[in-house]
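Please build the complex by placing chain B on the supplied structure of chain A, with the hints as guidance.
Protein chains in written order, with the working numbering: chain A, 399 to 573; chain B, 570 to 760.
To be clear, the hints were calculated from the coordinates, so they are not data collected in a lab.
Computed from a predicted model, the values in this text were never measured in an experiment.
Incorrect hints may have been included.
Label pairs and their computed distance ranges (CB to CB) [stated by the list, open to error]:
| no. | chain 1 | residue 1 | chain 2 | residue 2 | range |
| --- | --- | --- | --- | --- | --- |
| 1 | B | LEU663 | A | ALA455 | 45 to 51 angstroms |
| 2 | B | ARG709 | A | ARG462 | 21 to 27 angstroms |
| 3 | A | ARG490 | B | VAL693 | 55 to 61 angstroms |
| 4 | B | VAL693 | A | THR407 | 47 to 53 angstroms |
| 5 | A | ARG433 | B | LEU620 | 52 to 58 angstroms |
Covered, in the sense of this in silico footprint (three residues per stretch, anywhere, with C-beta under 8 angstroms from a C-beta of chain B), are these stretches of chain A [stated by the list, open to error]:
| no. | region |
| --- | --- |
| 6 | 453-467 |
| 7 | 482-491 |
Glycine is no exception: its CB is placed at the ideal position from the N, C-alpha and C atoms.
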Amino acid sequence: MVDRTQLATWMAAAAEGDRTALDPLFAALWPIVCRYTARLLGDAALAEDAAQDALIALFGRLDRYDRERDALTWALAHATWAARTHRRRRQRRAEDTLAAAPEPTATPAIEDRELVRAAVATLAELAPRDVEIITASLVDDDELRATLAPATFRKRLERALARLRHAWRSRHGNA
Amino acid sequence: METPDTVARAASARHAYERAHVVAGARGIAIAVAVYACAAALHEVDAAAQLAAGALAVTLAVLGWRGGAWRRGSLAGVLAGVPPLIAPSVVFVLAHGGHVAPCPACDGAPTLACLLTCFGTSAVVGLLVGHRASQDRAPRRFAIAALAAAALTGTLACATTGLGGALGIAIGLVAGGATGWVFADAGRSRA
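If we strip away everything but chain A, and leave its shape as in the complex, we get (with noise of 0.2 angstroms):
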């Protein structure tokens, strides 16, 4: 059980220079703050290294402590914080691995072949002018995409990517 009040009272002391409340300060959030930041992120390390960031974010912000805020809350919030930016971190982490990882080579040539065959009658369907486009959103250097703005370029692109997606359902379902 959290002693609210107690609490209160070690950060009011360190928010006024007490250097002694602070090691009882820290034993008492410890473990509560990792608990909190385990639930939010479900594994156990990332919650300890994000529970300590949120108590050093904490710590450095100890002068600014309003005494008629909750002291535990206060604390939860630096926490739900870190937490939050751990949880961004490892998403970023993860889609950089998947960007990083080889292609697979697994795939058999003839089913490769196949793919390639399928995926150039459903362009065949398309307008020019869709064609046009998609190609040149895979080559860098192309004079279309030179030509439009940006925004432009983006629009025309999503529509085509659309229209294409549309034409390989019907041709071949979701798959």
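Leaving out everything else, chain B in the frame of chain A:
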């Protein structure tokens, strides 16, 4: 149970706390430099004023690092010390039809108007600081820090008016504190 990992994490949190206090101390030095620049622009700064500026920088750095009421009091003290630093020059300019020149107090001959301005302005600001000190969580620490910072800031102008200003602060603190306590007592008895 405390593991070495937890101890290391606690040390990091403590370092963050100390870092914030060191930054506050550095801010105190920056304030002292700004006040010194202001004094140098308005007055002829002699060796005594330079010594006072050094003492002010050290005082603001230590009180800023200490934190809490010490820091709050020192900042309030600087504010209380600014009027005796600026007001004599303003009064001199107004009294001489807009003619800007160093305050005559710097030549070792402070005028009565100069002294009265210093004393009056710092007493008024001191009243406000004293009132604020009486409402602070640690009034004694706040008042000591404010007195020290105000006296040193005021002394930057020149010794005579600076001490007059410091006396004004002392009177203001006592008067302001008394006023604050009277109001607080009245509020309590009404409740």
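We went through each hint and held it up to the structure:
no.	hint	result
1	B:LEU663 with A:ALA455: 45 to 51 angstroms	holds, 50 angstroms
2	B:ARG709 with A:ARG462: 21 to 27 angstroms	holds, 23 angstroms
3	A:ARG490 with B:VAL693: 55 to 61 angstroms	holds, 57 angstroms
4	B:VAL693 with A:THR407: 47 to 53 angstroms	violated, 37 angstroms
5	A:ARG433 with B:LEU620: 52 to 58 angstroms	holds, 55 angstroms
6	453-467	holds (count 9)
7	482-491	violated (count 0)
Checked against the numbered hints above, the structure violates hints 4, 7; every other hint is satisfied.
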